[in-house]
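On the provided structure of chain A, position chains B and C with the ligands as indicated by the hints.
Chain order of the listed sequences is A, B and C. Residue numbers for the first sequence follow the working numbering, so the first one is 1 and each next one is one higher. Residue numbers for the second sequence follow the working numbering, so the first one is 1 and each next one is one higher. Residue numbers for the third sequence follow the working numbering, so the first one is 1 and each next one is one higher.
Some hints could be false.
[To be verified] Under 7 Å between C-beta atoms, here's a sample of chain A residues computed to sit facing chain C:
hint: 1; residue: I42
hint: 2; residue: Q43
hint: 3; residue: E130
hint: 4; residue: R241
hint: 5; residue: F335
hint: 6; residue: R336
hint: 7; residue: F337
hint: 8; residue: Q339
hint: 9; residue: M341
Treat the hints as calculated values from the structure; they're not laboratory data. From the three backbone atoms N, C-alpha and C, an ideal C-beta is built for every residue, glycine too.
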Amino acid sequence: MDSVFIISYVVIPLLKIAVIVLILSGAIAYLTLLERKVIAHIQVRLGPMRVGWHGLLQPIADGLKFILKEDIVPSRADALVFTLAPIISLVPAFVVFSVIPFGPPGMLEGVLRWALSPFFSPETVQSIVESGSVSGGFVTDINIAVLFVLSVSSVGILGIILAGWASNSKYPLLGALRSSAQMVSYEVALGFSIIGVLLIARSLSLVEIVQKQQQDQLWYIFVQPVAFVLFFICGMAETNRLPFDLPEAETELVGGFHTEYSGFRFALFFMAEYASMITASAMATTLFLGGWLPPFPSVPAFSFLHLVPPVIWFLLKVFLLLYIFIWVRGTLPRFRFDQLMKYGWKVFFPVALGNVLVSAGVLLRFI
Amino acid sequence: MVNFLKRVFFVDVLAGLALTLKYTFHRVYTEQYPTEKPKLAERYRGAPRLNNDPETGETLCIACDLCAQVCPEDLIVVGSERDPDTRKKVLTTYTFDTSRCLFCGLCQEICPTNAIELTQDFELATYSRRNMVWDRTRLEQGWDRIDYGADRETASGRESSRYERKTG
Amino acid sequence: MIEPTILDAKEIEINMGPQHPSTHGVLRVKLKIDGEKVRQAECIIGYLHRGVEKISENRNYFKCIPYYDRTDYIAAVSNGLGFILGVEKMAEIQVPERAQYIRIMMTELNRIASHLLWLATHALDIGAMTVFLYCFREREEILKLFEALFGARLTTHAFRIGGLWKDLPPGFVEAVKKFTDEFPARVDEYEQLLTKNRIWLDRTRGIGVISAAEAIEYGLSGPPLRGSGVPYDVRKLRPYGGYENFEFDVPVGKNGDTYDRYLVRIEEMLQSRRIVEQILQKLPSGPIRGKVPRVLKPAAGEYYSAVEGPRGELGYYIVSDGSTQPFRVRIRPPTFISLQVLDRLVRGHLIADVVAIIGTLDIVLGEIDR
Ligand code: SF4
Ligand code: SF4
Chain A
1 MDSVFIISYV VIPLLKIAVI VLILSGAIAY LTLLERKVIA HIQVRLGPMR
51 VGWHGLLQPI ADGLKFILKE DIVPSRADAL VFTLAPIISL VPAFVVFSVI
101 PFGPPGMLEG VLRWALSPFF SPETVQSIVE SGSVSGGFVT DINIAVLFVL
151 SVSSVGILGI ILAGWASNSK YPLLGALRSS AQMVSYEVAL GFSIIGVLLI
201 ARSLSLVEIV QKQQQDQLWY IFVQPVAFVL FFICGMAETN RLPFDLPEAE
251 TELVGGFHTE YSGFRFALFF MAEYASMITA SAMATTLFLG GWLPPFPSVP
301 AFSFLHLVPP VIWFLLKVFL LLYIFIWVRG TLPRFRFDQL MKYGWKVFFP
351 VALGNVLVSA GVLLRFI
Chain B
1 MVNFLKRVFF VDVLAGLALT LKYTFHRVYT EQYPTEKPKL AERYRGAPRL
51 NNDPETGETL CIACDLCAQV CPEDLIVVGS ERDPDTRKKV LTTYTFDTSR
101 CLFCGLCQEI CPTNAIELTQ DFELATYSRR NMVWDRTRLE QGWDRIDYGA
151 DRETASGRES SRYERKTG
Chain C
1 MIEPTILDAK EIEINMGPQH PSTHGVLRVK LKIDGEKVRQ AECIIGYLHR
51 GVEKISENRN YFKCIPYYDR TDYIAAVSNG LGFILGVEKM AEIQVPERAQ
101 YIRIMMTELN RIASHLLWLA THALDIGAMT VFLYCFRERE EILKLFEALF
151 GARLTTHAFR IGGLWKDLPP GFVEAVKKFT DEFPARVDEY EQLLTKNRIW
201 LDRTRGIGVI SAAEAIEYGL SGPPLRGSGV PYDVRKLRPY GGYENFEFDV
251 PVGKNGDTYD RYLVRIEEML QSRRIVEQIL QKLPSGPIRG KVPRVLKPAA
301 GEYYSAVEGP RGELGYYIVS DGSTQPFRVR IRPPTFISLQ VLDRLVRGHL
351 IADVVAIIGT LDIVLGEIDR
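Chain A on its own, in the form it takes in the complex (with noise of 0.2 Å):
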C-alpha cells in the first residue's frame, strides 16, 4: 500500500471523524442548554443560570455529574443486555453523521495542500486531494447514503426496546412497547415522504441530491413542502420528541424505557436522543433545505450571499430546524399511544403516500 492511499483512505478520513465526533457531542452538550433556555424563555423562566455565566457552563457540570454518580444495575436485570442498549441507541446516531454532507465536494482542497504541501511532492497532493471523497466536506459519499441513513438510524431505536426490556421492571417494559410501535408506524411514513425527493433528484447519494438543488436552482422544499412536513412529524416521532415522545412520558410511565437507568447510562441515553435530533435536522436540511447552499444559490443577485462558507450555511439550517424541535416542544401537549399510531396509519401514510403519486404523476407528464 503506498502513502497515497494511506492518507486519503484512512488518515484523513478518521480525522474527519473524530472532529465530527468531537463537534457533534459539544453540539451535543450545549444542545440541552439550549433546550433549557428557548424553553425557560418561552416559559418566562431564565432557566439554568448557576454555573458560568448565564449558565454557560451547565453542560460540563452536567457531564461531571453524570460520571460521578453511582452505576446502578437493577439486580434483577439483565445486566449484559442493560450495559449495551444505551450504546446501541447512541451509537447509530453517530454513524449517521459519516455520509451527511456538511459542505461541498472540494470544500476542503485548499486546507489539504496547505497542510500536505510540506510533506509531499505536488504530484502526490493532487493524487491525495483528488481521491475519492477526502476534498470534500463529509466523511464520506455513498450512493445508497439516505437508504443508509434510515438503516442505521432505526437500530437505535432497538437499543430503547432493549433497554426497556432487560431492565426488568414494568414501566420500563411499557415505554419499550410503545417505542417499537411507533417505530413501526412513523418509520413508513417518514420513508414515503422522502421518496418524492428521491424522485426529483433521480439519485440516493445526499451529496447528488444537493447538488440537484443547485441546478435545480431551488430548494426541494419548495417542490415538496407536503413531504418537508411529514418528513419534519415523522422525524419528532423517530426521534421520541413531545408531542411524540411516549416511551419516555414522565408524567404517564414516570421514565418510560430509562426508568431504571442512572448516571452515565442515562447520560448515554440522553445524547442518543440530542444525536437523532440533530440527525433529523441535518437530513430534512439536505434533503429538503439545499444543505450547504445559501438561499437562491444561483441567483445572480443574491451571489453575495456565497461569501458566508457554505458550512456556516448548513449549520444555521440545522440550527433553525433544532429550535423549532425544541419551540414545539415547548408548546405541545403529548399525544397518546393510539392516537399516535392513528394518526401515523391514518393520516400520514396515505398523505405521504399521495405525495409520490402525484409528484410521480407530474414529473412523467411534464417533464
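Relative to the frame of chain A, chains B and C with the ligands by itself:
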C-alpha cells in the same frame, strides 16, 4: 370546510406556537432567589421575635402566658418568677419551637403588649432539630445563619462569606 | 426450566404512586392492565393522614381553624370559611357586611388560584408544560394578595370567627383590580394553547365520561358534577355568607367528559372574577369583626355547614356538647367522594388516560386523607 382547512394547515398548532414565540422575548418573571430576596408583605408571618422596648431595652413581655395558652400546638413555654419587691411577674425564659409552629399568628394576635411578633423573615431551615427550638436570646436578637446570597451583598457591608456557617 | 417473566402474565399489576409524577401527592393506584388497557384501578389512600378531625376534638373553636387550612391546602381559604360559617351559625354570631364581602372576594380569588393550579398540573400531565408555568404566574399574583391580606401564602388562616383578622392593607383594592383587569387576557392565552389544540382535544374528549344520573349516584359535586350537566352549586342553591347579593352563572357541560370539565373550570374562573369585580364596586365600609364572646360555648346540637369549594361541596358536620371544644367534627371532602369514581372512569381506557382522569378529578390528597 373552513374547519377542515384549518386542520390541514395546523391553525390550532400555529396559534399556540405564535403565543410561545411571543413569550420567548417577554420579560422573565424569575426571582433569582438567594441573591435577590423577595420583598414580603408587612403582615407576613415568619420567624418569631420577642420585642424589646426600643427606649429602655427591657423586654416588652409581661409574662402573662396568654400566647402559650392560645397556641394550638402548645409550643410556647413562658417561664417567669415573681419579683419579691414589686410583686410583678418577670420573664425569665421563653422558648418557641419553630418546628411545630403553624404560623397561624394567634399568639401575636393575643399578646397584650405586642411582645411576641412573627416577622417577615422566612428562612428558617437549620441543620438540626434541636436548632429549631428558639430560646429567649435567639428570639430577642435573631440568629446568624448561613446566608447563601451574602457573597453578592458584600458591597452593602455584610461580611460573612458564602460557606461560613454559624450556629445561633 | 425458563423462569416465568412478566410477559407470561395476561394481566400485569402495576403500581402508580405513591411516588409518581402525576398522582398529585401521595395517591397510590393499583392498576390491573392488559397491554396498556386498564382493567381495574384500586385507590389506596391514607399516606397523608394527620387526623385533623381528631385534633379538632381537643382544641377550642378558635384553635381548630388553622388546621383546616391543611386539609385542602390548595383551597385553604374556602376550607377555613366552611368551618367558620358553621361555628358562626352555632353560636349565632353576626358578621359585619364588609367582612362578608371581603370573605367572598378572597374565597373567589382562592377558587381562581385553585383552578389555576388544577389547569397547570392537568396540562402538565398531558404534556403541555408551558401552560403549567403560565398558570403559576397568575397564581403567584393571587398568592401575593393573600400574603398582603392574610400574612401567609398557602396555609393562610384567612378568617377569624366573627369576621377578619385585619382590614385590607392600603393599595389592596387597586391590586385586586389590576389582577381582575388582566386576568381574562391570560385565560385567553391558556385557551389559545389548549382549547382548540387537536392533541388536547384528542386527549380529553370522550375520556372519563360520566352521565348526570351516575354522577349524582356517586355523590359527585363541583366541576365533575357540573361537567355532566347538573347545575348544582351550593352558592346558588343554599347561598351562604352573602352570596345571594352577587350575580354569577353556574357553567355546566354536556357530555361529562374531561374536556367538558376543563371548559367548566375555565368558565368558573371567569365567573369568579365577575364576582370579585362586583365586590370591588360595592365594597361597603364599616367594622370587620362582629361581637364574639371570649369563651365560645355553642349550644349543644348538631350543625352542618356547606360551602362550594373549588372542588365541590365542602361540608363540615359539627357536633357540640355545649363545651368550648367541638365534640366531633366530620369533614365532607369533595374529592374524597370524587376519587371513588376513578375506578369506574378509567376502566377500558389506556394508562395515559388514567393520568388525565386523575387530573380532571382535581384531587388533593391532603383533603382525601385529612
Ligand atoms: S403562630 Fe400559632 S402555632 Fe405558632 S406559636 Fe403562634 S399560636 Fe402557636
Ligand atoms: S402574650 Fe405577650 S406578653 Fe404575654 S407572655 Fe406571651 S409574649 Fe409575653
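Verification of the hints:
1. The criterion of a C-beta within 7 Å of any C-beta in chain C is met by A/I42, whose closest approach is roughly 6 Å, and the hint holds.
2. For A/Q43, the interface hint holds, since its Cβ comes within 7 Å of a Cβ in chain C; the closest pair sits about 4 Å apart.
3. The closest approach between the C-beta of A/E130 and any C-beta of chain C is roughly 53 Å, which is over the 7 Å cut-off, so the hint fails.
4. The restraint placing A/R241 at the interface with chain C is violated, with a minimum CB-CB distance near 11 Å, outside the 7 Å limit.
5. For A/F335, the interface hint holds, the least distance from its beta-carbon to any beta-carbon of chain C being 6 Å, beneath 7 Å.
6. At about 5 Å, the closest approach between the beta carbon of A/R336 and any beta carbon in chain C falls short of 7 Å, and the interface hint on this residue holds.
7. At its closest, the beta carbon of A/F337 sits 6 Å from a beta carbon of chain C; the interface hint therefore holds under the 7 Å criterion.
8. Contact between A/Q339 and chain C, as hinted, is supported at the beta carbon level, the nearest pair being about 5 Å apart and thus within 7 Å.
9. Interface restraint check: A/M341 against chain C, minimum CB-CB distance 11 Å, threshold 7 Å, status violated.
The structure fails hints 3, 4, 9 (numbered hints given earlier, in ascending order).
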